[in-house]
Each structure stands twice: as C-alpha cells, then as structure tokens.
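Protein chains in written order, with the working numbering: chain A, 1 to 406; chain B, 1 to 286; chain C, 1 to 333.
Think of the hints as simulated: they come from the structure by calculation, not from any bench.
Wrong hints could be hidden among the right ones.
Said to hold, decoys possible - The calculated lysine-lysine pairs, modelled on DSBU-like cross-linking and capped at a C-alpha distance of 30 Å, are:
1. A/165 - A/362
2. A/134 - C/145
3. A/331 - A/244
4. A/292 - A/376
5. A/159 - A/292
6. A/284 - A/259
7. A/284 - A/362
8. A/284 - C/145
9. A/292 - A/326
10. A/326 - A/29
11. A/29 - A/117
12. C/145 - A/326
13. C/145 - A/285
14. A/331 - C/145
15. A/159 - A/244
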Amino acid sequence: MVRTRIFLSTTILAACTALTPLQAAESLKVGFMTVRSGALAAGGRQMEEGLKLCMDEHRGVMAGRKIEIITADTAGQPAVTKTKAQELVERDGAQVLIGPLAAFEALAIDDYIRQTKTPVISPSAAAEDLTQRKPNPWFVRAVGTSAQAHHPLGEYAAKDLHYKKIAIIADDFAFGHEIAAGFQRTFEQNGGKVVQKLWSPLNAAEYGTYITQIDPSVDAVFAAFAGGNGIKFLGEYKNYGMQKPVLGAMTTVDEGILKRMGDEAVGVISSGWYSAATDTPANKKFVEAVRKAYSADPGYYTVGAYMACQFLNNALEQVKGDISDKAAFMKALRNVNISQSPYGPVKLDTYGQPILDVAIRKVEKKDGRLQNTVIKTYPAVSQFWTYGPDEFLKSPVYSRDWTPAK
Amino acid sequence: MNFWIIQGLNGLAFGSLLFILASGFSLIFGLMRIVNLSHGAYFMLGAYVGLSAIEAGVNFWIAILIGGGAICILGTVIERFILRRLNGQPLAQVLVTLGIAFIIADTCVWIWTGDPRPVPMPRELTGAFRVSNLAFPIYRLFVIGVAFALAAALWFLLERSRLGAMIRAGVDDLPMARAMGIRTSLLFSAVFCLGSALAGAGGVLAGPILSVYPGLDSDMLPLALVVVILGGVGSLLGAFVGSLIIGFIYSYGQALFPDLAYVILFLPMVLVLTLRPTGLFGRQAI
Amino acid sequence: MRAPSFNLLSWLIAIAALLALPWLVTSDYYVNIASQVVIAAILALSLNLLIGFGGMISLGHAAYLGVAAYLSIYLTAHAGFGHLAGALIAIGATTVLAMLFGYLALRASGLGFLMITLALGQILWGVAYRWASLTGGDNGLGGLKRPHPFGLNLMDPAIFYYFALAFFGIALWCIARFVQSALGQSLQGTRDQPRRMRALGYNVWLIQWLSFVFAGFWGSVAGLLYAYYHQFVSPQTLHLTTSAETLLMVIAGGTGTLLGPVVGAALVVILKNVVSAYITRWLILLGVIFVVIVLFMPEGLVPGITRWVRSLRSRPRADKAADTPSIAKDSAR
Chain A
1 MVRTRIFLST TILAACTALT PLQAAESLKV GFMTVRSGAL AAGGRQMEEG LKLCMDEHRG
61 VMAGRKIEII TADTAGQPAV TKTKAQELVE RDGAQVLIGP LAAFEALAID DYIRQTKTPV
121 ISPSAAAEDL TQRKPNPWFV RAVGTSAQAH HPLGEYAAKD LHYKKIAIIA DDFAFGHEIA
181 AGFQRTFEQN GGKVVQKLWS PLNAAEYGTY ITQIDPSVDA VFAAFAGGNG IKFLGEYKNY
241 GMQKPVLGAM TTVDEGILKR MGDEAVGVIS SGWYSAATDT PANKKFVEAV RKAYSADPGY
301 YTVGAYMACQ FLNNALEQVK GDISDKAAFM KALRNVNISQ SPYGPVKLDT YGQPILDVAI
361 RKVEKKDGRL QNTVIKTYPA VSQFWTYGPD EFLKSPVYSR DWTPAK
Chain B
1 MNFWIIQGLN GLAFGSLLFI LASGFSLIFG LMRIVNLSHG AYFMLGAYVG LSAIEAGVNF
61 WIAILIGGGA ICILGTVIER FILRRLNGQP LAQVLVTLGI AFIIADTCVW IWTGDPRPVP
121 MPRELTGAFR VSNLAFPIYR LFVIGVAFAL AAALWFLLER SRLGAMIRAG VDDLPMARAM
181 GIRTSLLFSA VFCLGSALAG AGGVLAGPIL SVYPGLDSDM LPLALVVVIL GGVGSLLGAF
241 VGSLIIGFIY SYGQALFPDL AYVILFLPMV LVLTLRPTGL FGRQAI
Chain C
1 MRAPSFNLLS WLIAIAALLA LPWLVTSDYY VNIASQVVIA AILALSLNLL IGFGGMISLG
61 HAAYLGVAAY LSIYLTAHAG FGHLAGALIA IGATTVLAML FGYLALRASG LGFLMITLAL
121 GQILWGVAYR WASLTGGDNG LGGLKRPHPF GLNLMDPAIF YYFALAFFGI ALWCIARFVQ
181 SALGQSLQGT RDQPRRMRAL GYNVWLIQWL SFVFAGFWGS VAGLLYAYYH QFVSPQTLHL
241 TTSAETLLMV IAGGTGTLLG PVVGAALVVI LKNVVSAYIT RWLILLGVIF VVIVLFMPEG
301 LVPGITRWVR SLRSRPRADK AADTPSIAKD SAR
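Isolated chain A (complex conformation):
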C-alpha cells in the first residue's frame, strides 16, 4: 500500500566496488512513473514487474551506486503526470525518470523535462514524433515506435505471404493511426493494396458492427489494437464465422493479453521487437525469471520497463556511476549499446530511438499455453525503416488521413 522504495543493495556489494566512498554511499534516485489506477493499470503493473526484475538482477546497485526507485502513480492522466514529475524531480530529488506509460503522458511532460533538463527513459510510450519531428534532447526510448515493427510486417505480408488485398481495422487513436499507416506504406510499396480502412473508437463496446463491414474479397485483415481490445476483436471475429487470416499489430496479441485468449488467437501473424518465445539465452533467462516471479510470460510493458532499467545501467556504467554531468550522462544514454538482451542486440540512433531486431511472430499453442513463435527476423530495424531519416522526416507524421502510397 505504501510507496515502494527498493533498497536492495547490500553493504558488502557497496564495499566491493572500487569507487570513492562518497559516491558509494550516496544513492542515485530514479523516479518511476507508472499507472496504478484506472484503465491503464494492467500495463502499469507489468511495468512495475519488469523494473523490479531488473533491479533484483542488479541487486539494486548499478556501476557501484545504490539505486533508489521512487514510484509514482500518474493515474493515466496527463495533468497528474506533470505533477508527479514535479514531485519526483523537485521534492524527492530524482535525477533520472523512467516512464511514463502512455504517449499523451510523455507529451504532457515534454516541456517540463526540457526546462529541468531531466533525463527520461521511456519504457512504453510509442508515439512516433517523440523521437522524430519533435525530438527532445533529454528523452530516449527503450521500445520501438508505433510503426517501427509494422513496416517489416507490411513487407512480409506482400512478399512472403503474397497477399494482394488487405482490410485494416484499427483503434481510432494516434497509436492505431501510426501503426496502420506504417503497415500500409510498406505493404503497398511491395505491390499490395489496402482496400479498406475501418477505425473503431478506442472505447468501442463491441466489434460486430465493424467485423460485418469487412470486404469479403480481401486476402487478410490487419487488426491493430491496443489494451484489451485485441481480446474482444479476435473473440468476436471467430464467432462471426470469419475465415480470412488475421494479421496483428504487436499489441493485438501481446503476451500481456495473450494469456487471456483462447484458440481464436491461434494462427495470428504479427510483428514486434520482442517475443517471449525468442530462442536466445538472454531471453530464456529473462522469461524464466518472469515466469518464476509472476507466473506469466513477459510482454510489451514488462520487457519495456526491464529494458529501460538496463539502459540506465548501461549508461551509468559508461559514466562510472557519476551522473553529476547531466550532458555527459545523456550522451552515454544515447550511446547505449547492449549486445545481449531479451530484445537481442540494441543500440540507439541519433534521435534517441533504439534500432531493434523485429520478429515476425505467429501465435501457436505450446505446452497448453499460447506463444508468439518467431518465424522470421528482420535484423537491426530502424524507426525510419529503409527510407533514411531525411526522406522519412520530410513527410508529416502518420495519421488517420495520411495515405503514404499516394
């Protein structure tokens, strides 16, 4: 119930480190903005789990410094998010922030982190422009952008699956718009055609109205949903007797909700910068730890917060735990280079955005549980796909109305 402060370091560990006594004694305060109440609470909880796992792994010490995590509940409301950022930075003296969860929350504190020059590592907010047209020098992201994983999926759908006509159904908000536009862009460049786009309200009560509008002549349906909407959509899709294959966005069949789905999800092909089923030693170790602690597979939010924490560790090691020079620390943060992680190898581009391996994943049932089996990997995918920053940034940000193919 009471605020979590994670003091996990031991005096022995602190004594072992070859640092000045002053630095070793003084802990580094990290503000963590999560969501514990309201509609986004599920993602917030998964973020807390991912962060705790990473802190446990480091036993609360990074580059010889004790790390003190101070957690704040933004309630998923932008106005509260700003107050919480002030609370963490001004009152509690946090030197680095991890969070917040939603893109609109990150945008709400954009000005504030510039003013206070507070380094922020984003564990989940995916809005494209945070690292594109409105880059913030104090901001890096530990996850992909909305479209980053879906450019490859568009190409894959056209080239490998040989789909010609696709209908898109997506949540009618920025995240859905950006995913859909990114997918459409590469799909159409490779000879496919998006013949229909359906935008359902984020709080749509049910999807029957939309499912029954789907053009029967399409080869497949690309469904881009966030939160719990993927559960609803796939369940109803099956009950409407729909046979067309479904392509999903990363969050449509995210591990965080996949555990709640049934056979209706089997066969859905999606793409993402992460899958709990990725067969690498680093990921296996991570998944084992999550399963042991929380008896669930890690998904978008868990791995995002875990990696945000690893970014922090990597940057702190570069500056040997000395964060007093903020500019140097920020430079280190943008210079994060991790060769082995649940994501695979990660490094950042000059905009503060990770370059990530993107997996094409297929939902399969294995040992009685659903998983996103990796069927193809696109290595080192940039947020700009193959276009390069200059060409990419010339056009406006992906939106509902912007049709990149024209």
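Given the coordinates of chain A, work out where chains B and C should sit on it, guided by the hints.
Showing chains B and C alone in chain A's frame:
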C-alpha cells in the same frame, strides 16, 4: 441488402445488451427516483464475480446467478444502510452513488489486477449461425432471446403480479401507496435488489461479448442513461424500445457515419431531451 | 450569502497565509500544488454558482475548462495569435459556447438538466478525441509558452502562483458580488421557489441562463489558467471524470457557500496529487470521503465544520445550517 440485415441484427443484439443493462436502472429510477450512478459499476462487478466463479469451475449459467445474487446483496446493503438514510433527498442519493461507483471501480482494479479479461462463452453457444451467405454469432442470437424473455417476464411481473401492482402504485403515488398499507420499505429493498441483480447478471451475460476491464463501468453507465432518457423514465416499454433504437443507431450510425462514431449516441440524447423532455414513453419529465 | 461566519480577522489571516505560502513550504513542488488548487477552486466556485445558488446540478462543467484550454493553446501556439488576443478569444468563444449549452440544458430542469450537461460534455470529449487534425487527438495539444504579462516571469512557480491567486481573488470577489446582487438573489429565489418567482413576474429562465453563462465565463477563466499552468491539454481534461471531480469539490466543500468549493478543491487536488504518493488506492479513499461527507455532513465540510466548532464552543444558537442551502434541501424537480 445484406448490409441492412446484418447491421440490423447487430443493432438488435447490442440493443438487447443495453436493455439488460438499462432495465434494472429504469426500474430503480422509476420507483425510487434514484439515479443510480453506480449501475455501471454494478454491471462491471457482476461480470468480475461471474468470471471468478467460472474460473473456480462453476458452470456459466450458475455463474450468471452468482453474479446477479452477489450484486443483489450488495445493492440491498447499500440501499438499506446508505440510500435509506438519505430518503427524500434525491440529489444526495445521486451523489452518494457516484462516490460508491468510484469505490467499486478501484476495488475491482485492486482485486482483479486491471488485466482485461474475456468471460468464456458456454461451449454450446460458440460459433456462427449461417443462412445462405449470412453468418451471425449464435451467442448474440441467444442474447437477443434473453432480452425479449426478460422484457416479457418483467412485463408480467409489473403488470400481472401482486408485487407489480404494488410497484406501480409506488411509482404513481408513493404516499398514497403507503397509506394503503403497502410496506414500501420492503418493496424498495426488493426493487433495488432486483435492479441490482439485473445489472450483475447482465454483466456476466455480456462478458463474452464486451469482456471485463477497468473502465467498463464508465463506458456502460452513459449508455444506460441514454436509453432511459430516450425511452422515458420508469417506463419498461420505454426502456425496451429505447434500447433497441439506441442499438440500431449504434450499428447503422457507426457503419454509415464513421466520423461520428465517438458522439453517435449522445446527439440523439441531447435532441430528445431538448425537444421532448419526457422521453418517448415517459409520463413525466425527469 | 453570509454563510461561513468568518469575521474580518479570520479573513485577514487567510489572506496572509495564502500570500505567504511560497515562503512557508520547502519545495517548489508544493507551490505548484497550491497553484493547481487555486485553479481548481476557480472552476469549483463557478460550478457552485449553478449548484449551490441556482440548484442546477451540472455534470458537464469540464466543458468550459477544456474548451478554453484547447482554444488558448491552439490559438497562441499553433495559429499565431498573441497571448492577449488568444486569451480573449478563448474566453469569449467559450462564453458563447456556454450561451448555447445553457440554452439547450435549461430546456430541462433537475435531473434532465444534469443529463443534458453530461451528454454535451461527452460530445465535446468525442470531438476533441476524434478531430485530431485540430486537437491532436489523444496525444493532446502542447507547445504553449507561458506569457510574460507586465514583465512577470510566469515560469517561476511562485510568480505563477501569485498570478493565479490574483485571478482567484478577482473571481471570488466577482462571484460574491454576483451572489449579493439582485440577479444573484433572484437566482437563489428560483432555486428555492421557482413557481413563486414565476408568479411574481420574474423571468426564471433568463435568470438561470444568465447565471449559467456567468458560470461558464469563470469556468473558461479557470481553463485559461489551466492551459498556462500545464502548457498542455488532452481529451482527459474534457472527460466526464473531470466534471465529476469538480462536482465532488463543490459538494464536499459545501454548496451555496463561498469558501466551500475552495476547501473542496484543495481536498480533491491534494488527494489526487499528494496523497496518491503514499496510498496506492487513493481513489477508494476519495470515494469513501465523499460518501461519508454526503452521509454525515450533507451541507459540506465548511458549513459542517463551522457548525461543529460552534457547537463545541457550546454557544446555543439557532442552527446556522438552516440558512445554508444544503444539497439536502434541493430536490430534483
């Protein structure tokens, strides 16, 4: 042609869900003049309770009863110990139900962790019913059936039973009903229990379509309000017709005017309220 | 409207405390919280005009906060208007919106009024969410720089606090004057005895409409300050939750009193922003406090505590709550 049939069925199914949600709301509103702003929270809590029952191995049909029963108990307790203290102060009652809605919503996040969760459908009702090239989910046809059966049962209860006669007397003239020797205290508890139970059971029944998630309460409450406003206060027929109209507006409106999807249900509400404040079937303005 | 029997001395103490606040707290963080309380208090004061003095329960008051905030940010940060022009247009346009909403909502009374305001609020929320090319959709609208009126640097938390406090003082004074004016008195008349007022030849509708617009105006002033403070607005600001929280402030603090909404605003803002750091399930606490207040102090915290203090002093006197209109006395018509 297929478009009109299939969207009509969609509208009918959604309207049926709305009726199950709104009938209890309308019943309580009609007799007790309480705008129960916790009704959406009751609906959500019922769905969660039913879900937990199913996960504990209980059969879907029993889970509906458990969900309804649990919310009936909760509603009766709230009515007895909170709302009754505020007797004769409709406004204070409205506000208290708003506070209770906050409490229930956050308690659900606490207990059920905030993960969005589907309520599993009974196996025998999965899949689609096919006629030529039309397919429609069997479960939704079932929900339509339930709503019509419920409407008939409520009609019988209100119009043909002794309890119904007492309720109608209470709706029309409460002091007179009391003077006639009707035990209004017990009557109020019974009605509040029934209205709450309908919300709770409705939540379980709607679970396989809507799933359960934090925020379901505030998504559904305005819909119940819209239905009751449109149909008219305290009128069962009004709630029924209002539900179906809103269901049709929802399905045809979203399909034909996708740009208005976010506001499609509130425009008619404003229109009706400003042009005909009594609603379609109400006898008095709210 | 003499409800809370604050004498001159208590007023002076209160004013001195408000002015000295930036020196009394240890961190800018608390100054910022105080600014938010002040802004919320202006909004709650304006809503209280409708609820406490007019007996009109609105569940759509976030509309004025949100629309004014959207307009001022859009005009100054995205359409090239100056700060003063942007502010004036935002407030003016929002007040015009209040005229329209008042016209629609006052076709009904009691619960019908509540429902119309709720529906209008939901429509605005939907528009803000959907009309992304103008409002930024769910990503919201930012980019506003705080103005420098008279060379004041509003980026400084303490200066911003005084800036907001000045508006608060003006709002309090204007609303107090309004309540005591002939129009304000007749508004309270329409609350208590609408039929008699009509019989006496008063134009009840016009009195209510003018009050509605006046309340919308002060709501839009709160919205302007909100935009300056947060430099960001999103559909959340227009959401039903914001309206419900504002309603809660008014009811919890005490309807029909001047100080009640201010205390209510402080309660809600502090619970939501400060207490939530220590108590994870702060929403439950908020709900419980609200229920307890309605049950045991139906006239609200300020009149309730005043009454309580007075009874402690055991000065036998006629129950003051009697001339403090409590929600208990309003009935849904």
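Q) Given the hint that residue 165 of chain A pairs with residue 362 of chain A, does the C-alpha gap stay at or below 30 Å? A) Holds, at about 20 Å.
**Q.** Distance restraint between residue 29 of chain A and residue 117 of chain A, which requires alpha-carbon spacing of 30 Å or less
**A.** holds (15 Å)
Q | Agreement of residue 145 of chain C and residue 285 of chain A with the hint, judged by alpha carbon distance not exceeding 30 Å | A | violated (47 Å)
Q. When you check the alpha-carbon spacing of residue 134 of chain A and residue 145 of chain C, does it fall within 30 Å?
A. With Cα atoms ~16 Å apart, residue 134 of chain A and residue 145 of chain C stay inside 30 Å; holds.
Q. Is it true that the CA of residue 326 of chain A sits at most 30 Å from the CA of residue 29 of chain A?
A. holds (14 Å)
Q. Are residue 284 of chain A and residue 259 of chain A close enough, with their CA atoms no more than 30 Å apart?
A. holds (18 Å)
Q. Are the Cα positions of residue 159 of chain A and residue 244 of chain A separated by 30 Å at most?
A. Distance of about 18 Å is within 30 Å: holds.
Q) CA of residue 331 of chain A to CA of residue 244 of chain A, is that 30 Å or under? A) At roughly 48 Å apart (the allowed maximum being 30 Å), residue 244 of chain A and residue 331 of chain A break the hint.
Q.
With the threshold set at 30 Å, check whether the alpha-carbon distance from residue 145 of chain C to residue 326 of chain A stays at or below it.
A. Judged against 30 Å, a Cα distance of about 24 Å means the pair holds.
**Q.** Straight-line alpha-carbon gap residue 292 of chain A to residue 326 of chain A, limit 30 Å
**A.** Violated: residue 292 of chain A and residue 326 of chain A sit about 37 Å apart, past 30 Å.
Q: Decide if the proposed pair is consistent with the structure: residue 284 of chain A and residue 145 of chain C, CA atoms, cutoff 30 Å inclusive.
A: This hinted pair is violated, its Cα atoms lying about 48 Å apart.
Q: Starting from residue 292 of chain A, check that the Cα of residue 376 of chain A is at most 30 Å away, please.
A: Cα-Cα ~28 Å, so holds.
Consistency with the previously given hints fails for numbers 3, 5, 8, 9 and 13, ordered from lowest to highest.
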